[in-house]
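So the protein lines, in turn, are chains A and B.
Residue numbering for the first sequence follows my numbering, starting at 2 and increasing by one per position.
Residue numbering for the second sequence follows my numbering, starting at -6 and increasing by one per position.
Since the hints were derived computationally from the structure, they do not count as laboratory data.
Check each hint, because a few of them may be wrong.
[Claimed, not checked] In silico lysine to aspartate or glutamate, DMTMM-like type, Cα no more than 25 Å apart, as pairs:
1. A:167 x B:31
2. A:164 x B:94
3. A:142 x B:269
4. B:103 x B:88
5. B:89 x B:119
6. B:103 x B:157
7. B:182 x A:79
8. A:13 x A:96
9. A:106 x A:140
10. A:61 x A:39
11. B:6 x A:10
12. A:164 x B:61
13. B:195 x A:10
14. B:103 x A:175
15. B:89 x A:10
16. B:10 x A:113
17. B:195 x B:157
18. B:89 x A:96
19. A:61 x B:269
[Stated by the list, open to error] Some chain A residues near chain B, calculated using beta-carbon distances under 10 Å:
20. 9
21. 29
22. 83
[What the hints assert, rightly or not] Derived DEER-like restraints, expressed as beta-carbon distance ranges:
23. B:239 x A:135: 30 to 36 Å
24. B:131 x A:164: 29 to 35 Å
25. A:164 x B:26: 30 to 36 Å
Treat the numbers as computed from the prediction; the structure is a model and nothing was measured.
From the three backbone atoms N, C-alpha and C, an ideal C-beta is built for every residue, glycine too.
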Amino acid sequence: MNDLSFLNEMEKASGEKISGCYQCYRCTIGCPVVADMDLYPHRVIRYIVLGERERVLTSKTIWTCLQCVTCSVRCPNDIDIAHVFDALRKIAVKEQKEAETDTWKFDQYFMDSVKKHGRLHEIETVLRYKIEKKDFFGDAKMGMGMFIKGRMGILPHNIKDRKGLKEMFKRLEDKKIGG
Amino acid sequence: MRTLTYYPGCSLKTSSKFYETSIREVFSAYDIGLKELDDWSCCGASAAHTINETIAHALVARNLSLAEQENYPLFAPCSACYNRSKITNERLRADKELRDEVNRANEPLKCLGTLEVKNIIEVLSEYAGVERIARKIAYDLSGLKVVPYYGCVLTRIMNMETFDDKENPTSMDTLLWATGAEVAEWPFKMECCGASKTLTNKETTLRLSSSIMDMAITMGADAIVTPCPLCQLNLDILPYLGRGARNLPVLFLSEIFELALFGKLSGAGSHIIPVDEAIKKVIKVKTINTYEQRKNNGDD
Ligand code: SF4
Ligand code: SF4
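Excised from the complex, chain B in its bound form:
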C-alpha cells in the first residue's frame, strides 16, 4: 500500500466530484491510498497570479506547508493545482527571500518547498506501473479509439524539468496503451481549450474547444481522454457554448481505467455529452485471459 496526501482542489469537490470517485476506485485497485489534506484551500488557479503574485505563492504555500507535515508525496489531480503547486514549490525552495516573505505572511505555517508534487499520470505510471496495469485488465478496450488530450498547463511549466516533454508528452499515451485502448496519434495533444475565458469571452472558448472536438472526430476517435478537470468541463459544455455539431464524450483518464477494470463508469450520469456509445464499445467482450483467471490458473 502506497499512501499519498491528496489535494483535491475546488473542481474535484464541485463540478468534477465524479472524477474524485473515479480516482478513488481506480487507485484502490492498485493499492494506492489517499489521505485528503486537512483544511486545504484554493490554489488560486490562474486568477491569483494575475492579481498579485506574492499572494498567489502564499495561497499555494499554505497548502504545501500543511502537506509537508504529512510526509507523503502530494497528489494534485487538477492540472491547474498541479501547475501552481509545482511552481511555488520550486520557487520557494530556490528563492530564500520569497520563502521568508511568504512564510512571514502565513505564520505560524512554514513552507520549505521540499515536497514531491505529483499528477495523476505520474502516480499511475510510478505506483501502478505499466506492467501491473496491463495484467489487471478485465475488459477489452481494443474497440475504443481514444485521443489523449493533455491540456495546456500540465507540462508547460517554465524554468524547470517537467515529468514529460513540454510540447510532445507521451506518458498518458503509454498508460492508455497499457489499458488496451486504441490510442490515436493526433496533433492537438496540447492545444489550448480556452478555459480561462469561458465566462469572459465565450466566443474564443467556443472556437478553440470546437476545433479540438473537430480534430478528434476527424481522427476517427470515440472519445477524448484528459487528466484535467478544467479541460474536461470546458469540452463537455460545448453543447451549451453553442456548438451544434456532433460531440464526442470527454472522459477522464481514470475513467478509461474504470472501463478496463470494472467495465463501467461510476460517473456516467455526470457527463453532459453522453458517454453510452463509448461504453458500449468496451463492455461487450470480456478478455479470455483476465488477471483473475490467470491467477486462478496459477500462471501469474
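Next comes chain A alone, as it looks inside the complex:
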C-alpha cells in the first residue's frame, strides 16, 4: 500500500527536496556499489515520491551505500541522495526494519567509544564489534601486522573535559532521538 505522506516525511527528515528528482539516473550511473544494491539509488528516490514506504525502508541499498557522496554532487537537482539514505537509516532502525545491522552496530560502538573517551579507542571498538560478531580470528593477522608497524593505537584516548562532553550527549539524547 502506498503511503503518500512518505514524501513529505522524508523531505522533512532529510531537508532535501526529493520531489525535484526527474529520474535522470545520474546518481545510479556513478555509484561504485550499485551492483550490490537491491534497489538502484534513483529508484529509491522515485519510490519515496510514490510512497512505497516499506520497500524503501527495508531495502539493502540504504545500508550498502558507502556515503561517498558521488551521487549527491552529480545530481542536477541538488538532491543530497547520500543524505536521504542517511535519514532513511535512522527511520529503518527506529522501526526495526533494517535489512542489515552491521553498519549501524559498528557506528554505534564507534560513538560509544567517543562518548566515553572523547576520542576513538580503535582497539576497544573493533574488539567489541568482533566479539559481537563472534569473529575472533578473521582479521587477527591484520591486527598483528598493524600492531607491529605501530599502526594500532595504544595511546590514552581520554580527553580532559569528559564531563562536558558527556553532558552534551545527555542534553541532545534526551531531547530527541535520531535528530
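Based on the hints, put chain B with the ligands in the right spot on chain A.
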C-alpha cells in the same frame, strides 16, 4: 612564520602517527608552525551523522569553539575531519536555530562558525606556494611517477563552494608537479576506496581498493599519493584484505615533500606495503642546482 591551529583527529595520533611527523618536518621547512588544539575530541567521522545529526554537529562544534578562541585558521589533515569541520562550520554560520541548539548543548563553549578550515593541500598551496616549493627542492624526483589520489570526501561537499573542483580536482597535481615528481593523469582520482566498510563488509572494500591499485599499476605508476589517512590505511592494508597481486606503495602527500626536501622518509617503517623501491628511484640524483647552492651563489 605562519601559525595554524592543528586538529590532528584520531588517525594522526594512532594509525597514522607517522603522517603527523612527516607534516611537521615538511611544514617547518616552509616556516609553517602548528599549535595543537588543546583537549580536542573526535570529529565523529561518518559514524556520528548516521546515528544522530545534531550530536554530530555538536561534536565538531566543540572543537571549532575551542579553535575559535585561538584566532588562527584551523588545519585538519584528515579528509574526514576536514569534511565534517567544513560542513558544521558552514551550517552553524548559516543556521541560527541549529547554532543555538548546538551551543546550548555544548555550554559553556560557544561556536560561531567563523573559522577558516584548511586541509593540507590548501596549506601547502597558500602558505608554501608553488614557487617556494620548487625552489627548495634538494632531490630529483623526476624518476618517480605518481598518481594523485584525492579520495571521496575532500572535495565532495554539498551545498558549498569547495577549494577545488568537486569532481576533477587538480590542486594536488600542481603541488606534486612543483616537487619535480612525474604526475600521471588517471581516471581514479576520486574513486571511492570503501574505507567505511573495511570492518563490516571486507569484500566490498577489497574490490574497490583493489581496482584503484590495479588502475595505478596500469598507468605505470611507482606510487599512489594521497592526503587522507583513511584512504592511505585502507589501500596500505590491501595485502591483509586478501589481495594477492602486486601492490604499489601508498604515500602521503607530505612524504613526497619529504623525499624532495630531505631525500628520505621518516615513516618508511610504518608502511605496510614496502616503500624502498619508490625511495630508490629518487634519492640517487642530487640536482645540480639545489636551493642551497643557488643561495650560496647569490643568484636566488
Ligand atoms: S541524480 Fe538526482 S535527479 Fe537524477 S535520478 Fe538521481 S536523484 Fe533524480
Ligand atoms: S553515496 Fe552511496 S548511493 Fe551515492 S554514489 Fe556513493 S555509495 Fe552510491
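Each hint, compared with the structure:
no., hint, result
1, A:167 x B:31, "holds (18 Å)"
2, A:164 x B:94, "holds (19 Å)"
3, A:142 x B:269, "holds (23 Å)"
4, B:103 x B:88, "holds (14 Å)"
5, B:89 x B:119, "violated (31 Å)"
6, B:103 x B:157, "violated (30 Å)"
7, B:182 x A:79, "holds (22 Å)"
8, A:13 x A:96, "holds (17 Å)"
9, A:106 x A:140, "holds (18 Å)"
10, A:61 x A:39, "holds (6 Å)"
11, B:6 x A:10, "violated (41 Å)"
12, A:164 x B:61, "holds (21 Å)"
13, B:195 x A:10, "violated (34 Å)"
14, B:103 x A:175, "holds (20 Å)"
15, B:89 x A:10, "holds (23 Å)"
16, B:10 x A:113, "holds (23 Å)"
17, B:195 x B:157, "violated (31 Å)"
18, B:89 x A:96, "violated (31 Å)"
19, A:61 x B:269, "violated (43 Å)"
20, 9, "violated (19 Å)"
21, 29, "violated (15 Å)"
22, 83, "holds (8 Å)"
23, B:239 x A:135: 30 to 36 Å, "holds (34 Å)"
24, B:131 x A:164: 29 to 35 Å, "violated (49 Å)"
25, A:164 x B:26: 30 to 36 Å, "holds (31 Å)"
Figure legend: structure checked against the earlier numbered hints; hints not met, in rising order: 5, 6, 11, 13, 17, 18, 19, 20, 21, 24.
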